[in-house]
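Protein chains in written order, with the working numbering: chain A, 715 to 1131; chain B, 73 to 609.
Quick caveat, the hints were computed from the structure, so don't treat them as lab data. Please read all numbers here as calculations on a predicted model, not as lab measurements. Backbone N, C-alpha and C define an ideal beta-carbon position, used for all residues, glycine too. One or more hints might be untrue.
Claimed, not checked - Label-pair distances were calculated between CB atoms; the ranges are: (1) B:D259 / A:R727: 48 to 54 Å; (2) B:V148 / A:T1004: 46 to 52 Å; (3) A:A940 / B:P167: 46 to 52 Å; (4) B:E521 / A:R759: 50 to 56 Å; (5) B:A147 / A:R1120: 56 to 62 Å; (6) A:E764 / B:P229: 53 to 59 Å; (7) A:T1004 / B:G353: 30 to 36 Å; (8) A:H744 / B:R265: 31 to 37 Å; (9) A:R1001 / B:P167: 30 to 36 Å; (10) B:S512 / A:G870: 35 to 41 Å.
To be verified - To be clear about the criterion: a stretch of chain B counts as covered by chain A if any three or more of its residues have a C-beta under 8 Å from a C-beta of chain A, and this derived list gives those stretches: (11) 121 to 127; (12) 467 to 480; (13) 567 to 578.
Claimed, not checked - Covered stretches of chain A (chain B as the covering partner; in silico rule of three or more C-beta atoms under 8 Å from a C-beta of chain B): (14) 776 to 788; (15) 822 to 833; (16) 1006 to 1014.
The lines below spell out each chain.
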Amino acid sequence: MTEPLFPLWQVDRREYDAVCAYLGITPRDHIYDALATHLAEAPFRVAAPEGLFGRLAERALTPWTIARLDLATRLFAPGHPIRHVLNGTIALHEVDGDGYPELAAAPTGWRAYASMLKWALGLVLNLALTLPWLSWQGVMHLLRAPFGAVRNNLRGERVLITGVGRGLGRDLMLHCLERGADVVGVVRDRASFERLRDELPARAPLTLVVADLATPGALTEALEAAKLERDTFSIVIASAGVKHDGRSVTSLASVRDTLQVNVLAPVELIEWLVSPRDTDGDARGPRAETTALVLVSSMGRWHGMHHSGGYNASKAALSIWGESFDMEARGASRRRFTVTIVEPGMFASGMTKAAGLGRFLLAPRSRVAATIVSGALAGRSAIRPPFWFALVTWAVCVVGRDFRYRILARARPRESR
Amino acid sequence: MRHVGPLVVVGGGVSAAHAALTLLERGYEVDLWDVGREEVTFPEPAATFHELKRRIARPDTYLLGAELEALIPPAVPELLRYPPARRFLAKPKDPLLNFESDGFAPFASFSKGGLANGWGANALLYDEDDMAEWLVSAADMPPVYRTVCERIPVAAPDADDLSPHLQGLHPTQAPVALTDADRRMYDRYARKRRVLNKEGMVMGLSRLAVVTDPGRPDACDRCDRCLWGCPRDAIYNPHVSTLASCDAYPGYRYVPGRMVLSLVAREGHIKGIRYLDTATGAIREEPCGAVFLAAGALQTGAIFLRTLVRAHPDMSPETDGLMDTAVVKIPFLALEGMGRPADPRAFQFNRLMVGLTGNAPPWPRYLHGELLHLTSLLYHPLIERMPFDSRLSKRLFFTLKSALGVVTLFFPDRIVPGNRQVLADPGSGSDRVRLCYRESADKEAFMRESIGRMRSALWRLGCVPQGAVHSPSGGGIHYAGTVPMGAGPKRCDANGRSNAFSNLYIADGAAFPTLPSKSITLSLAAHATRVARAARI
Chain A
715 MTEPLFPLWQ
725 VDRREYDAVC
735 AYLGITPRDH
745 IYDALATHLA
755 EAPFRVAAPE
765 GLFGRLAERA
775 LTPWTIARLD
785 LATRLFAPGH
795 PIRHVLNGTI
805 ALHEVDGDGY
815 PELAAAPTGW
825 RAYASMLKWA
835 LGLVLNLALT
845 LPWLSWQGVM
855 HLLRAPFGAV
865 RNNLRGERVL
875 ITGVGRGLGR
885 DLMLHCLERG
895 ADVVGVVRDR
905 ASFERLRDEL
915 PARAPLTLVV
925 ADLATPGALT
935 EALEAAKLER
945 DTFSIVIASA
955 GVKHDGRSVT
965 SLASVRDTLQ
975 VNVLAPVELI
985 EWLVSPRDTD
995 GDARGPRAET
1005 TALVLVSSMG
1015 RWHGMHHSGG
1025 YNASKAALSI
1035 WGESFDMEAR
1045 GASRRRFTVT
1055 IVEPGMFASG
1065 MTKAAGLGRF
1075 LLAPRSRVAA
1085 TIVSGALAGR
1095 SAIRPPFWFA
1105 LVTWAVCVVG
1115 RDFRYRILAR
1125 ARPRESR
Chain B
73 MRHVGPLVVV
83 GGGVSAAHAA
93 LTLLERGYEV
103 DLWDVGREEV
113 TFPEPAATFH
123 ELKRRIARPD
133 TYLLGAELEA
143 LIPPAVPELL
153 RYPPARRFLA
163 KPKDPLLNFE
173 SDGFAPFASF
183 SKGGLANGWG
193 ANALLYDEDD
203 MAEWLVSAAD
213 MPPVYRTVCE
223 RIPVAAPDAD
233 DLSPHLQGLH
243 PTQAPVALTD
253 ADRRMYDRYA
263 RKRRVLNKEG
273 MVMGLSRLAV
283 VTDPGRPDAC
293 DRCDRCLWGC
303 PRDAIYNPHV
313 STLASCDAYP
323 GYRYVPGRMV
333 LSLVAREGHI
343 KGIRYLDTAT
353 GAIREEPCGA
363 VFLAAGALQT
373 GAIFLRTLVR
383 AHPDMSPETD
393 GLMDTAVVKI
403 PFLALEGMGR
413 PADPRAFQFN
423 RLMVGLTGNA
433 PPWPRYLHGE
443 LLHLTSLLYH
453 PLIERMPFDS
463 RLSKRLFFTL
473 KSALGVVTLF
483 FPDRIVPGNR
493 QVLADPGSGS
503 DRVRLCYRES
513 ADKEAFMRES
523 IGRMRSALWR
533 LGCVPQGAVH
543 SPSGGGIHYA
553 GTVPMGAGPK
563 RCDANGRSNA
573 FSNLYIADGA
583 AFPTLPSKSI
593 TLSLAAHATR
603 VARAARI
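Okay, chain A solo, but in the shape it has when bound (with noise of 0.2 Å):
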């Protein structure tokens, strides 16, 4: 069974049993998986809830918070995902020859206006339950409010995500998909693309890009073939990288490598988007007055790594040169851009290997990607995700090289990456 693309509306096969356990009736494998792909095209007709059931929405389904927002949903937020689910469900069922017998069962007789009694009881708990649970939701969404709000409904957003095939930038634009933006994404290579276009659904708002980044020119080349209107785009995020594990910092092939894929291709990027716009575009949304810039560079950047092929180079080199264009963006008079550095530290990515306590102290992919979209569309300089971790980091360099060599020099290189 494969984890759902889309968390905020599709359901897990442990949530829709629990869901079925709720409505009284027993799961059935087939219409798990046309409940799957029935959910998996929502974000393409719905807009997604912001605010506090925003927030509800991306909260797993267990027996306690589906009776809760279930009844709370149907008093205040009609179109909430779960109302999605709970719909879905019950006619999936209701048209299967097992499931609606099921379904329809009903007291008759007497046993029927028993029955209502005790369920005009049930609501009443029901609400003594959820009014003041959701008041609690309510409370503690508008505290954490200042501490990064995150958008939900990006509807006539247009994306541009380099390295959409696997890690960060798959959830990247997972994400922006499942929250109803446009997203154009660069894959590696066909068989990328062959994948991803097999995977996702076929009304999914995706224009996928071959390029591969380690040849001069090949992005700049395949955003021209595409035809792309290049300021249309609201968000343009580089998030494509590569690693050379093992690699000698002095292999001059792979230090090559990393900075044409890790520097010179988001500079192609960004060149060919601060271009002078093309007449002959694709006429896909409107132009977007503001651009949102964003460079997944590395916590890595704030040191040096030994037998990295040059990563943790390459990642200073995209920092730095990111904040410089930012300085030339601001001074000068023509579109507007704004830059955000992401330098993530540990998180749930291919290039973290999660086990142990790591389980724990990794941020999810999904609230990273999450963090980066809204924060870049609120025009945050940087983002650091987790932060504990940047806060080790920057410890660990304020104290010294030699201290850092000690502490570093433990690191063992894994396989490129």
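Assemble the complex: chain A is given as a structure, and chain B must be docked to it using the hints.
Just chain B, lined up with the frame of chain A:
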């Protein structure tokens, strides 16, 4: 007989079928031009609606559609989507659907049998009051109505409280069986009859174009699948019966694959037909003799409009009218039915009819409605609309299901300025037609008053009405008045003959100058029959 050119009937629905059959009966040779798509056959004819869910391989795909398009999402003001398994309705993106909507979203069909492949089977006739503003007298109608009732099976009671308002029918079948919930409602009406009649509400058994005679192989077996397509052909369908009757005439030629766009006119006379060959996509022309437009009021209006503008470029590119039956559904809970088990079999459409009488001019005195207790539908939108959590709503809904029903009111319409068809881009040669429609203020006031009266009547019947659901304009499926009877080049005479073109006949609802509340289908058949009988060819 063969004339200057072939005698062509355009369309494939009720009007076209009855016009063609009448002309054949008069001894003429007839070509019937139709797009002529075929409706699918219906699976498992012996299964009831709920049994079907077990008998077919993919009930979700059959009942909700391959992309679950009939799964109505939350927070959408819809209670029902037409079954995707039915193929007779044109999809909104159908390339042949060359309409643009301006406040009007029509249903259309390019199937043999037309929209009558999925009609509600209510068989009613217009009376003098309904036809008060028509050029034709109601007194001229009984002979054609009798002919139509000979062609179409009508299941109706001999007499009940609706009889004074629904005169002229000639039933050949016994009424459809009531469910227990209908019986309880009808009994309660009988007890409250005096007060309800005084307030202008009447109730009776449905008059339906359905075969109920158990001796016939096509008799209704109450499988509860009317909406999904009658698998026994018990409900009248012109494709199955009237067009099949035409086949018996050697002078009849059914010509599928042709969508008529306009007619070629010279000196007030139709000389040819310009059509789209749907197989090749080519636009062609063929000579013809007399033409009977019976493609449905919207297509007929569009064909006429294109023809008129090509023949008379100085005329404004718009029709004189466009009428639509506004539909309002009032869901209710019949308290007496709570906790009762549901009937295992039923005729799915309405078994009871209601009417509101004593309406003031300009509206007909009788406003027609259908009263339906739920038997089999897709219920998830109803459960989702209940004001409780889903678990409670589901439990409550199925406990109350046999007590739930809906009254559907059908509102008459009149030609008012602004409601019309307009050529979308007359200078470009485009065939697209814009449908412009707004409800008039007086009609809205009449609707509000009638809804209030019906809600009061439901309270008296021991029912709790819950809101009123208005279908969007065009959702009523009954359209009329695009080439109405009257004076002027954009209209036709009492016998449907165009005032602008001497050998052109408007043989469908496009010719109706008003649109009464009562179900239109038998009157479409009657009008087509009368036009074909009176035509001077």
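Hints and how they fare:
no. : hint                         : in the structure
1   : B:D259 / A:R727: 48 to 54 Å  : holds, 50 Å
2   : B:V148 / A:T1004: 46 to 52 Å : violated, 34 Å
3   : A:A940 / B:P167: 46 to 52 Å  : violated, 28 Å
4   : B:E521 / A:R759: 50 to 56 Å  : violated, 38 Å
5   : B:A147 / A:R1120: 56 to 62 Å : holds, 60 Å
6   : A:E764 / B:P229: 53 to 59 Å  : holds, 57 Å
7   : A:T1004 / B:G353: 30 to 36 Å : violated, 46 Å
8   : A:H744 / B:R265: 31 to 37 Å  : violated, 51 Å
9   : A:R1001 / B:P167: 30 to 36 Å : holds, 32 Å
10  : B:S512 / A:G870: 35 to 41 Å  : holds, 37 Å
11  : 121 to 127                   : holds (count 4)
12  : 467 to 480                   : holds (count 5)
13  : 567 to 578                   : violated (count 0)
14  : 776 to 788                   : holds (count 4)
15  : 822 to 833                   : holds (count 9)
16  : 1006 to 1014                 : violated (count 0)
Of the numbered hints given earlier, the model fails hints 2, 3, 4, 7, 8, 13 and 16; all others are met.
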